[in-house]
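Number of protein chains: 2
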Amino acid sequence: MKELKGACIIGQSGGPTSAINASTYGAIKTALESENITAVYGALNGIKGVLEDNLIDMSKEDREELEYMKHTPSSALGSCRYKLKNPDVDDTDYKRILEIFRKYNVRYFFYNGGNDSMDTCNKISKFMLKNSYECYVMGIPKTIDNDLNCTDHCPGYGSAAKYIATSLMEIYHDARVYDTGMITVVEIMGRNAGWLTAAAALACHKGAGPDLIYCPENVFDLDAAMVKINEIYKKNGKCIIAVSEGIKDKDGRYISEYGNDLSNAKDGFGHAQLGGLAAYLANYIKQQTGAKVRGIELSLLQRCAAHCASQTDIEESFSAGKAAVDCAVKGITDKMVGFERCYENGKYVCKTKLFELTDVANVEKKIPDEWFNESKDGLNEKFIEYALPLIQGETRLVKVDGLPRFVRLKKVKVQK
Amino acid sequence: MKELKGACIIGQSGGPTSAINASTYGAIKTALESENITAVYGALNGIKGVLEDNLIDMSKEDREELEYMKHTPSSALGSCRYKLKNPDVDDTDYKRILEIFRKYNVRYFFYNGGNDSMDTCNKISKFMLKNSYECYVMGIPKTIDNDLNCTDHCPGYGSAAKYIATSLMEIYHDARVYDTGMITVVEIMGRNAGWLTAAAALACHKGAGPDLIYCPENVFDLDAAMVKINEIYKKNGKCIIAVSEGIKDKDGRYISEYGNDLSNAKDGFGHAQLGGLAAYLANYIKQQTGAKVRGIELSLLQRCAAHCASQTDIEESFSAGKAAVDCAVKGITDKMVGFERCYENGKYVCKTKLFELTDVANVEKKIPDEWFNESKDGLNEKFIEYALPLIQGETRLVKVDGLPRFVRLKKVKVQK
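Those protein sequence lines, which keep their order, are chains A and B. First residue of the first sequence: 1, per our numbering; consecutive thereafter. First residue of the second sequence: 1, per our numbering; consecutive thereafter.
These aren't lab readings, by the way, just hints derived from the structure by calculation. Where hints are given, some of them may not hold.
As the list makes no split between identical chains, a pair holds if one copy fits it or if it spans any two.
[Unchecked claim] Result set (DSS-like, lysine-lysine): computed pairs, CA atoms no more than 30 Å apart in a straight line:
{"id": "1", "residue 1": "Lys83", "residue 2": "Lys286"}
{"id": "2", "residue 1": "Lys103", "residue 2": "Lys83"}
{"id": "3", "residue 1": "Lys353", "residue 2": "Lys250"}
{"id": "4", "residue 1": "Lys416", "residue 2": "Lys235"}
{"id": "5", "residue 1": "Lys292", "residue 2": "Lys413"}
{"id": "6", "residue 1": "Lys286", "residue 2": "Lys248"}
{"id": "7", "residue 1": "Lys235", "residue 2": "Lys48"}
{"id": "8", "residue 1": "Lys413", "residue 2": "Lys238"}
{"id": "9", "residue 1": "Lys85", "residue 2": "Lys238"}
{"id": "10", "residue 1": "Lys416", "residue 2": "Lys60"}
{"id": "11", "residue 1": "Lys365", "residue 2": "Lys248"}
{"id": "12", "residue 1": "Lys206", "residue 2": "Lys399"}
{"id": "13", "residue 1": "Lys376", "residue 2": "Lys365"}
{"id": "14", "residue 1": "Lys234", "residue 2": "Lys416"}
{"id": "15", "residue 1": "Lys60", "residue 2": "Lys238"}
{"id": "16", "residue 1": "Lys234", "residue 2": "Lys250"}
{"id": "17", "residue 1": "Lys248", "residue 2": "Lys292"}
{"id": "18", "residue 1": "Lys83", "residue 2": "Lys234"}
{"id": "19", "residue 1": "Lys330", "residue 2": "Lys95"}
{"id": "20", "residue 1": "Lys85", "residue 2": "Lys365"}
{"id": "21", "residue 1": "Lys235", "residue 2": "Lys413"}
{"id": "22", "residue 1": "Lys126", "residue 2": "Lys234"}
{"id": "23", "residue 1": "Lys347", "residue 2": "Lys410"}
{"id": "24", "residue 1": "Lys292", "residue 2": "Lys48"}
Produce the entire structure from the sequences given, and follow the hints as far as they go.
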């Protein structure tokens with residue numbers, strides 16, 4: 001394919017992670033160094049920044065300052081949750097995007113995000129192809145959920161998994177400090193896939209993890225779980241349970257909705273929805289056992305705890321962003337950069353690999369059934385073998401005065 | 001004073017911290033190396049271990065393994081929340097303690113804990129003095145709450161403060177990733193003193209902290225707070241609020257109880273108490289503003305996140321334990337080892353200093369009024385100057401396979 005000179009736009013989309021900025025930085029840095037790319041623009045708040053002609057000039061940023069992006073959590077360019085319409089039904093947005101691309105001679109488009117973002121990327125790519133506008137479009141994945149299809153794992157997952165496993169080990173020590181009984185419920189993110197909750201099994205692998213792990217891949221039976229919890233509690237005086245926010249019963253109803261239902265039935269004001277799943281389960285288990293029960297929700301911290309990021313994840317994330325630009329300038333388009341795992345002399349090695357955007361968009365990858373234990377309340381060694389390499393390496397996050405030094409962008413607007 | 005040869009008992013008490021084991025290890029290591037101390041016993045679950053003759057022999061532990069205690073959160077010997085009775089009313093426990101002390105020729109007693117533990121320590125010390133049983137008793141402080149009297153600060157506070165400030169900085173980045181509105185409420189521990197919540201001001205100092213900080217030192221007026229929150233939210237589209245779990249209204253009622261009251265009035269089942277203060281406030285603010293609001297409770301993590309400990313805190317904690325033994329073998333008794341701050345050539349230096357147990361026990365130290373801003377919803381530079389040195393230094397916690405390597409004690413029981 002021929003070489004194409006022109007500007008590039010880089011956007012970030014979807015929920016933040018500790019590593020998405022490493023990917024975006026990988027793309028920005030490589031683009032700034034590329035001879036074919038004449039200008040490097042950041043789209044503020046993802047595709048909305050393109051639609052609203054709200055771009056910043058990345059070349060105006062201090063190069064050394066940009067380096068801090070690698071360890072800054074959340075999305076430095078801002079994010080959005082904007083879903084593009086089906087272009088066959090309404091192509092207004094696509095026409096507008098094409099208009100902006102033409103205006104700035106954008107020939108490269110990099111979109112850094114999760115499942116929905118790969119869908120956006122795919123639709124834009126196909127629209128440009130259909131309209132014969134020469135533009136190389138590449139998806140750069142990120143998601144703590146680790147649920148993107150095709151790729152071995154997703155940038156951002158390793159850091160979240162490391163934080164979750166570390167926190168569970170610390171909670172394990174804390175939750176057994178007294179010789180009195182104690183049950184602890186830890187709620188972990190993951191609506192449909194249990195990858196994040198499964199990371200708690202890494203703490204078990206170190207002998208300091210939860211007794212029970214419930215993921216949304218399996219039907220959750222509250223009564224059956226109560227039998228197990230009671231059994232463990234009676235034996236040890238302690239019980240730690242890790243649950244995905246997305247666990248559902250056999251009728252497909254979220255357990256987290258049980259609380260609302262109860263409340264609605266009682267007073268119609270839904271007060272019980274104050275707390276989430278952890279609070280609901282903690283309360284329920286307390287009523288059933290009479291034990292002291294504490295509910296803990298890892299909340300936003302699991303996706304933004306850059307101070308506990310996996311350096312492996314950070315480096316891989318960076319490499320994904322870099323590969324996207326390297327491939328695009330070679331004339332490759334309409335792909336997502338994913339990861340392929342190999343073992344060289346028994347050592348984990350991660351290589352970037354290209355996947356069709358169409359294959360990735362809108363498919364959710366779940367934990368293979370055979371990675372769960374028989375009773376579906378824990379993970380086996382297959383999961384450990386998969387996840388352990390992803391959390392290796394301590395973050396190189398720079399600290400100043402004992403606190404993280406995160407990036408400070410000037411965000412110089414591109415003149416319209 | 002004359003030298004005294006005999007055994008020592010070391011116990012841990014009260015809520016866990018990331019640094020209490022560093023103090024206990026400081027005492028154990030020093031005791032094991034002391035010529036005057038003939039045996040080093042650990043009391044399992046604090047004073048209960050003494051009362052129940054449940055002791056372990058620290059000399060049976062591997063010395064290199066013991067070193068891991070320095071960075072292991074929670075209380076490695078187990079803790080308790082056992083309050084000794086007034087000996088004038090019921091001296092049963094004291095007589096039992098004396099019996100155990102005599103049985104093992106215990107001449108040194110070190111108790112590592114917070115406010116209540118210093119009270120325990122004080123009572124035991126006074127009882128031994130009154131009964132002319134020669135025993136050197138020393139209190140070693142610990143509390144994330146930082147509310148112990150006399151000492152400049154408490155072992156354990158720096159690590160919790162570092163975790164809180166770091167997490168708040170990360171939440172700051174996460175909570176402003178979208179261009180849509182968002183209000184975030186972060187609930188931080190501290191029933192009567194706001195030291196932990198105030199640590200959020202360190203994130204502000206780095207330009208990435210909460211907009212409002214509410215501590216229990218000041219009356220919390222929900223209506224007045226709502227005016228502020230609305231103002232900030234309207235201006236910025238974002239608002240982050242850090243609140244102590246212990247904030248109270250002008251009538252002395254905990255705000256965290258508002259939820260219960262509402263619910264009890266409605267259905268008598270107290271469902272609304274499912275969530276804590278963060279959940280209640282998030283729900284209330286949502287109703288008042290219509291904004292997207294998220295409540296986050298830092299929960300146990302703030303007291304056990306050893307992976308984010310302050311190395312300054314760890315070293316100081318160790319030195320407090322060491323000083324307790326060093327002083328006791330010199331014949332000093334009935335004191336607590338605290339800290340004195342000095343500045344040498346403008347540089348923070350922390351020295352151990354002895355305080356009367358009587359002066360420490362049962363007094364709660366609060367944040368000085370002049371360290372708050374005028375509107376009492378933030379801290380000023382006086383607090384920053386106080387707290388910043390305490391969070392310095394990255395933890396030397398050893399990691400194996402990307403996860404913390406915490407201590408594994410054999411806990412060899414002392415033969416009764």
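How the hints compare with the structure:
For a Cα distance limit of 30 Å, the shortest separation of Lys83 from Lys286 across copies, 25 Å, qualifies, whereas the shortest one inside one copy, 42 Å, does not. When the C-alpha separation of Lys103 and Lys83 is checked against a cutoff of 30 Å, the pair qualifies only within one copy, where the shortest distance is 23 Å, while the shortest distance between copies is 75 Å. Within a single copy, Lys353 and Lys250 get their C-alpha atoms no closer than 38 Å, and across copies no closer than 62 Å, so neither meets the 30 Å cut-off. For the identical chains of this complex, Lys416 and Lys235 are inter-copy neighbours only, at 26 Å across copies versus 69 Å inside a copy, given an alpha-carbon limit of 30 Å.
Taking identical chains as interchangeable, the C-alpha atoms of Lys292 and Lys413 lie at most 30 Å apart only when they sit on different chains, with a minimum of 28 Å there against 55 Å within one chain. With identical chains, the CA atoms of Lys286 and Lys248 are at most 30 Å apart both within one copy (20 Å) and between copies (27 Å). Taking CA atoms no more than 30 Å apart as the test, Lys235 paired with Lys48 passes between copies only; the shortest distance there is 21 Å, against 55 Å inside one copy. When the C-alpha separation of Lys413 and Lys238 is checked against a cutoff of 30 Å, the pair qualifies only between copies, where the shortest distance is 22 Å, while the shortest distance within a copy is 56 Å.
Within a single copy, Lys85 and Lys238 get their C-alpha atoms only as close as 50 Å, which misses the 30 Å cut-off; across copies the closest is 28 Å, which meets it. With identical chains, the CA atoms of Lys416 and Lys60 are at most 30 Å apart within one copy only, with a shortest distance of 16 Å there and 74 Å across copies. Proximity of Lys365 to Lys248 under the C-alpha cut-off of 30 Å is restricted to the intra-copy arrangement: shortest distance 17 Å within a copy versus 47 Å between copies. When the C-alpha separation of Lys206 and Lys399 is checked against a cutoff of 30 Å, the pair qualifies both within a copy, at 28 Å, and between copies, at 11 Å.
For the identical chains of this complex, Lys376 and Lys365 are intra-copy neighbours only, at 18 Å inside a copy versus 49 Å across copies, given an alpha-carbon limit of 30 Å. For the identical chains of this complex, Lys234 and Lys416 are inter-copy neighbours only, at 28 Å across copies versus 68 Å inside a copy, given an alpha-carbon limit of 30 Å. Only between protomers do Lys60 and Lys238 lie at most 30 Å apart by alpha-carbon distance; the minimum there is 27 Å, versus 56 Å within a single protomer. For the homomeric pair Lys234 and Lys250, the shortest alpha-carbon distance inside one copy (27 Å) is at most 30 Å, but the shortest distance between copies (44 Å) is not.
For the homomeric pair Lys248 and Lys292, the shortest alpha-carbon distances inside one copy (25 Å) and between copies (25 Å) are both at most 30 Å. In this homomeric assembly, Lys83 and Lys234 come within 30 Å of each other (Cα to Cα) only across copies, at 26 Å, whereas the closest approach inside a single copy is 49 Å. For the homomeric pair Lys330 and Lys95, the shortest alpha-carbon distance inside one copy (26 Å) is at most 30 Å, but the shortest distance between copies (84 Å) is not. For a Cα distance limit of 30 Å, the shortest separation of Lys85 from Lys365 inside one copy, 23 Å, qualifies, whereas the shortest one across copies, 59 Å, does not.
Taking identical chains as interchangeable, the C-alpha atoms of Lys235 and Lys413 lie at most 30 Å apart only when they sit on different chains, with a minimum of 21 Å there against 63 Å within one chain. For the identical chains of this complex, Lys126 and Lys234 are neighbours neither inside a copy (59 Å) nor across copies (40 Å), given an alpha-carbon limit of 30 Å. With identical chains, the CA atoms of Lys347 and Lys410 are never at most 30 Å apart, being 41 Å at best within one copy and 33 Å at best between copies. In the homo-oligomer, the alpha carbons of Lys292 and Lys48 lie at most 30 Å apart only across protomers (20 Å), although the nearest pairing inside one protomer, at 48 Å, exceeds that limit.
Checked against the numbered hints above, the structure violates hints 3, 22, 23; every other hint is satisfied.
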